[in-house]
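Q: Kindly generate the complete structure, drawing on both the sequences and the hints.
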Amino acid sequence: MSTTPRPIALFSRRHFPSRRHVVQSAVLLGAVACLAAVSVLSAADAPAKAAKKSWKETKSTLIQSDFPYQKACIGAKFPANNKANKGIAMILGNEAFMCFDTDLLRMSAGWTSGTTQGKGGPALVGFISAKGVTFDGSHGGHPEISGEQKFGLRQMPGWADKDGSFKDPRAEPFGPLPRTWCRWDGMHVVGPDLVLAYTVHGTKILEQPGSVEKDGETAFVRTFKIDATKTALTMAVCEVEGATAKADGPHVTLTAGELATIAALGGAPAGVTLAVTATNRLVLNIPAGTPASLFKLVLWRGAAASADKFAALVAGAPAMVDYSKGGPKHWPEPVITTGVLASTSTPDGAYVTDMLTPPVPNPWNRRVRFGGLDFFSDGKRAALSTWDGDIWIVSGINEKLDKLTWTRFASGGFETLGLKIVDDVIYTTGRDQITRYLDSNHDGEADYYENFNNEITSSPGFHEFVFDLHTDRDGNFYTAKAGPVKGGGRGFGGGGGNGDVSAHAGSLLKIDKYGEKLTVYATGLRAPNGIGVSPEGQVTTGDNEGTWVPMCPINWVKPGGFHGVEDLAHGKDVKSFIPPLCWLPKNWDNSGGGQAWVTSDKWGPFKGEMLHTSYGQSSLYLVVKEEVNGLMQGGVVKFPLKFTSSAMRPRFNPVDGQLYNAGLRGWQSNAAKEGGLDRIRYTGKPVQMVSGLKVTKSAVALTFTTALDKAAAEDLQNYKGERWNYKRTSNYGSPEFSVADPEKKGHDKLEFKSAKLSADGKTVTLEIVGLKPVMQQSIGFSNLKTAAGTTLTAQVMHTINAIP
Amino acid sequence: MIPSLPTRAFLLSLLTGLLAVCASSALAQAPAAKPEPGLLLTHTSGPATDTAVAPNLWLHVAAGQSAAPALPAGKFTATWTGALNADLRGDFQFRTEVLRGSLKLEINGTNIIEVTAATTADSAKPSAPSKPVRLSKGANLLKATFTSPDSGDAFVRVQWSEKGILWEPITTALLTHNPADAALAKSTAIRAGRDLFLEHRCAKCHTPAGSPALAATGAPELAMDAPDLADIGSRRHYAWLAAWILDPKSQRAVAHMPRTLHGANAPADANAIAAFLATLTGGPAPALPPKADAEALDSGNKLLEVLHCAGCHNLPDATEKDAKKISLTHLNAKFPPPHLAAFIKNPGAHYAWTHMPKFPLTDEEAHQIAAALSSTAPMFKQPGPSTDPAVIARGQHLVQTTGCLNCHTLKLDNQFKAKPLADFAATRWQSGCLAEKPAADSAAPAFAFNAEERAALQAFAATDRGSLTRHAPSEFAARQAKNLQCASCHGQLEGFPLIDVLGGKLKPEWIASLLKGEVADKMRPWIEHRMPAFPARAALLAAGLAQTHGFPPVTPAEPPVKMPLTTIGKKLVSSDGGFSCIACHGVAEMAPVQVFEAPGINLAFSGARLQHTWFLRWIRNPLRVEPTTKMPVYFDEEGKSPLADILGGDADQQLDALWQYLRLGSKMPPPIPPQ
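Heads up: the protein sequence lines correspond to chains A and B, in order. Using my numbering, the first residue of the first sequence is number 1, and each one after it goes up by one. Using my numbering, the first residue of the second sequence is number 805, and each one after it goes up by one.
If you are wondering where the hints come from, they were derived from the structure by calculation, not from laboratory data. Errors might be hidden in some of the hints.
Unchecked claim - Subject to a maximum C-alpha distance of 25 Å in a straight line, what follows is the list of computed BS3-like cross-link-like pairs (lysine-lysine):
{"id": "1", "chain 1": "A", "residue 1": "K744", "chain 2": "B", "residue 2": "K908"}
{"id": "2", "chain 1": "B", "residue 1": "K941", "chain 2": "A", "residue 2": "K772"}
{"id": "3", "chain 1": "B", "residue 1": "K935", "chain 2": "A", "residue 2": "K785"}
{"id": "4", "chain 1": "A", "residue 1": "K745", "chain 2": "B", "residue 2": "K967"}
{"id": "5", "chain 1": "B", "residue 1": "K1149", "chain 2": "B", "residue 2": "K1106"}
{"id": "6", "chain 1": "A", "residue 1": "K710", "chain 2": "B", "residue 2": "K1128"}
{"id": "7", "chain 1": "B", "residue 1": "K1444", "chain 2": "A", "residue 2": "K586"}
{"id": "8", "chain 1": "A", "residue 1": "K753", "chain 2": "B", "residue 2": "K1125"}
{"id": "9", "chain 1": "A", "residue 1": "K710", "chain 2": "A", "residue 2": "K744"}
{"id": "10", "chain 1": "A", "residue 1": "K697", "chain 2": "A", "residue 2": "K710"}
{"id": "11", "chain 1": "A", "residue 1": "K785", "chain 2": "B", "residue 2": "K967"}
{"id": "12", "chain 1": "A", "residue 1": "K745", "chain 2": "B", "residue 2": "K1286"}
{"id": "13", "chain 1": "A", "residue 1": "K642", "chain 2": "B", "residue 2": "K967"}
{"id": "14", "chain 1": "B", "residue 1": "K1286", "chain 2": "A", "residue 2": "K744"}
{"id": "15", "chain 1": "A", "residue 1": "K638", "chain 2": "B", "residue 2": "K967"}
{"id": "16", "chain 1": "B", "residue 1": "K838", "chain 2": "B", "residue 2": "K1286"}
{"id": "17", "chain 1": "B", "residue 1": "K1286", "chain 2": "A", "residue 2": "K785"}
Every value quoted in this text rests on a predicted model; they were computed, and no experiment measured them.
A: Here it is as structure tokens:
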């Protein structure tokens, strides 16, 4: 493929022809503004230079300008603290933008591009800034509207309750309004246009956000298509601080100083009116019994002296784009890559990695950092979501991987770090919701982004990642929400860019198969970048070392269980918790990824076993486990393979029966690349590995996949071991402490008394002096021999919660 | 590491062991004892021999230097013996990383490598790897013999590798020796005696042959000063001076100054000397401290923690007193208030070789510390000195005639003379200053040496004392690291590199700048503690630490920076196709992008700070170097880079590109963070 990214302008011309034209006229206006500004500042030649480019070209490439929206927590300039925790920042054409808040169903702000004083002089800025962990990588903060804000509505319900009150009924200012009140349904994407779909008191409402420009003035247009109303509906449009209101025929004007905010309806049925309440709030009233109708609300703010230009902006009949057949493709070009077979191998040759080369570079300059992976039923195609909010579909998954075709399926998501395919329909998890994607015109791109369930809470914290998406055998979905870790790594919440501890912070969440209800399944998680669900429905998670997490665990989740992190959603002062199946030291896993269960009988001798990945160490592990006294315990053995990026989302392909892993690199990872997808393929060669671990009264028994040579297996010279403990505190992680001297940092060496090989040659029982419960024990061996004569060197890392 | 001045208890046990060995005439076979870290290192040159404990198979003796103080400069052999304790049976290869001289390495009695000058074309390049040798789990006997070249620098660093890919120094923690070795006991006693002789400034009175020029070429401690007495009357209280002069050890158990006044007149004499010293006023008057309000005291107390003063001192309000630490309860008795702050700010102003570190402090901070200490130390009534001219004159006379001025400088005629060192045969080292019980009428200064110390001094006396004329940098570094208590911070405080690794990690030039107090930037700004300066010792200590690790005292010049590679190096540290080093590390003016509980040192310092070989090891596998580091391991066990598309994925070339980029230092163009 070409290594030169296609300029964005080409795409814009083809798909947004009318907008391109308008953008340029707006640029000219910008030039005039700049001239004025610069003539005051200096006589430099900056103006022409600065005005040459639209915000699209001058602003960073981290926020795409060729797709109509980007979801994120979006901050506005007014009113104070106006953040849309689940915001959709929308590009409306005419250099105009609005942000819709899907928790509160309010339009939080409208703005146009404007000038800012940059290093090279005044520069045109628009849309949203690239601030935040997903975009410029900064810890703390989130995108802010960029340009000149024209209207705003504070954090309040966008639609009134049944009694006409806008009082926020939520226990905390996070999460959606009650379902009995209203519901965010989803969004149609039709080329450059969007149609928002939601329900208020049983009335279906479709809203197309747009803009209009005439004679140098730009207004925001909200076109509504509503069903017949059963109850009266009231929508808050905006609030203008310190304004005096005046109704002048069909126009409602709020004047504050030199600025006038004017709104009017177009094509509204009888009874649908605009009004101003005593708090300088502009509202839209739709009486009960209003028939199904299509109308528009036009909103403008400008110099009071230019108010006479408003009437022209309202002219014309309301119209809504036809969303029923989807729209033109946004990304017609596929990206073709070639895979690399057997890029790495285990020493026994039984497992190799095949790299499925990611679509980098691509014509849209998109970063490809995979956060979700699943397969379609044909096994030849997979869908992958990215941190930046895209979904890619890769086809051509076969033995050779010689032609992988990558196409973009969807975009604009809010940190979509989990993906699941059910009945060949894609679902993603993100900060705002579980989204179901529909492609009604079957052109290979989503055109309806449906809200499957958005009950999850989200505050402005940068670290509130929502990780991974799985289903159980009954079709229920599971996803995990991280705690709002503070910038720097210690502690949680506290407001601002660090966010707040909201109801679901640090929880494992379960959503029924219909998306009707979200429940907290378990608590006490910190940053579990990856979960797993066994075929029987056992849920597992990893986690990340940090506050209350002394070292990375593998959690065997109990419904309703508390897994250790205090200070999060479950409440405070919980001093006991469910010990994890095992802990893993830093050099094994400093930040856990997801788990997978071997469901395939084409993947060597491990069918039914559990696998764990390490995001931090980009490693794949077999989990060896047992239940003792009602508690799970065990450890891991490494598959010594390497991956293109981190190991994070292991999934089995239902057709070829092989394991695939997708991963990304954020921070605290040794991943080589920003994103990667690899197949972990069983070659059919004999596997030489530890496959089981059992703790007895005085020994640890290791079971191997192959029979061992007795002499080498029973020679204590070939074994080494250490053990140590951690301390669970509010500090970040824990040092390693001696077991014999609990205050002393360091490890204690294990003293082996004997090694006995079982009759079948597959199990070595290592008698250990003073065996006792311990958080971390490592047993290493080298120079063991298989019956066939090859040598075996490896290490097992495990935890003993209880001695049987 | 070369043995540092042993604790008295340890010395006692050694001597007891030695005596027991002598008594049983079993000198040949040292009794088995619990192995201790490090290897025995025996230097031999002609008949001269010396045994010490060394951390690893490292050595650097510059041309003209002695390998050990006991040996004359010139050709020598160095033999390391001990055990290499493998934690698992395994196959390892060995090689010399650098070698000038010849080396023979034996493990479990088998020759592993034998490299001579003839077989090493380039002393700065590694030798051919040995054949894999199988090590048993547990102790494997190790013996290495180095023979110096006929002239020039002598050096060696040995490495091992399990797979022949990643070469590194033999893990120091796996090397042990038998501490009950008879030769070690003998050398240790002599070394301890020599150290006592130097630390107590014995040579200031009993001058060795060749003095005073010797101070420049022999043991550096011969040049050590003592507090000068200029303006002492302004800087210290009279009553404390009197008490100190009368019996220093009553004021400070570890005082080096002897008691010089004896008999019934001693208290009056001490008062007279102090009265004379009290007349020595003047000098720049330090600013009076601002009134210490609660906030200042809080700041001062915080600084006491930040500077880890309790690492060496028993603070005035300490509930537990450590006998080895200097108590600070006497502060109000000793210091007129503004002078305490002045001393804290610049302890070396009147005493260059003071053990007290010089911390970077503002005047305000020094006052805050002084106020905090003073507020918890008891107050003393300060009686005035006698103003009787006769008393003062007697005090001056005593200063001139009792040896004070042999150590302390003052513009006054010194009328005290002692016999030169050569006049004291070993047999005479049991009387006078060194008498177990001084005679009632003895005028000799009383040091109150205990039995072990006297035994050590006698062991030293029995040598030809030529060691005083020789400077062995590694041993100097070990002595000073011990005396300055470097390990009180580097070994105890969270996030501090261990003192034991610094000589192999940091360039000696950098260590010297740091110890001189010339490095204004804080390497680890996230650590509140501050690195102090020890200006008088800086250069010698830095060179000695490097040589302990087998590095030259002066880092050889590198060829000019390969500019084209720096661009690739920049890409390698970026998050755009590189390792994303900038997540945790700043680059010159650019702050790190995503510091998350793992802040890293600004990369602009690396080129000037780090030994190149250490940099290579660290980047290849930081966890092998520092098991608790949060720095990720990027290169795999085969040494391969995960970035296949830069420089063809060649790890060596990538590391070179990184290094060239780092060498640009403050001129490193920062990589563009994501935008």
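Q: The structure should be examined with respect to each hint, and the outcome stated for every one.
A: Against the structure, the hints come out as follows:
1. The suggested pairing of K744 (chain A) with K908 (chain B) is violated, with an alpha-carbon distance near 39 Å, which exceeds 25 Å.
2. Taken as a hint, the K941 (chain B) and K772 (chain A) pair is honoured in the structure, with Cα atoms around 24 Å apart against an allowance of 25 Å.
3. As the CA atoms of K935 (chain B) and K785 (chain A) are separated by approximately 22 Å, the hinted pair is consistent with the 25 Å bound.
4. Restraint check for K745 (chain A) and K967 (chain B): the C-alpha separation of about 30 Å exceeds 25 Å, so the hint is violated.
5. Of the supplied pair hints, the one linking K1149 (chain B) and K1106 (chain B) holds, its CA atoms being roughly 16 Å apart against a limit of 25 Å.
6. A distance of roughly 56 Å separates the Cα atoms of K710 (chain A) and K1128 (chain B); the hinted pair therefore is violated under the 25 Å criterion.
7. Between K1444 (chain B) and K586 (chain A) the alpha-carbon distance is near 21 Å, which keeps this suggested pair within the 25 Å criterion.
8. The straight-line distance between the Cα atoms of K753 (chain A) and K1125 (chain B) is roughly 44 Å, outside the 25 Å bound, and the hint therefore fails.
9. For a cut-off of 25 Å, the pair hint linking K710 (chain A) to K744 (chain A) is broken: about 38 Å separates their Cα positions.
10. Of the pairs offered as hints, the one joining K697 (chain A) and K710 (chain A) holds, with about 23 Å between alpha carbons and a cut-off of 25 Å not exceeded.
11. A C-alpha spacing of about 18 Å is found between K785 (chain A) and K967 (chain B), which places the hinted pair at or below 25 Å, so the restraint holds.
12. Our distance criterion of 25 Å between C-alpha atoms is met by K745 (chain A) and K1286 (chain B), whose separation comes to about 23 Å.
13. Using a Cα cut-off of 25 Å, the hinted pair K642 (chain A) and K967 (chain B) holds, with the two alpha carbons roughly 18 Å apart.
14. The straight-line distance between the Cα atoms of K1286 (chain B) and K744 (chain A) is roughly 23 Å, inside the 25 Å bound, and the hint therefore holds.
15. A distance of roughly 19 Å separates the Cα atoms of K638 (chain A) and K967 (chain B); the hinted pair therefore holds under the 25 Å criterion.
16. Of the pairs offered as hints, the one joining K838 (chain B) and K1286 (chain B) holds, with about 23 Å between alpha carbons and a cut-off of 25 Å not exceeded.
17. Taken as a hint, the K1286 (chain B) and K785 (chain A) pair is broken in the structure, with Cα atoms around 49 Å apart against an allowance of 25 Å.
Of the numbered hints listed earlier, those contradicted by the structure are 1, 4, 6, 8, 9 and 17.
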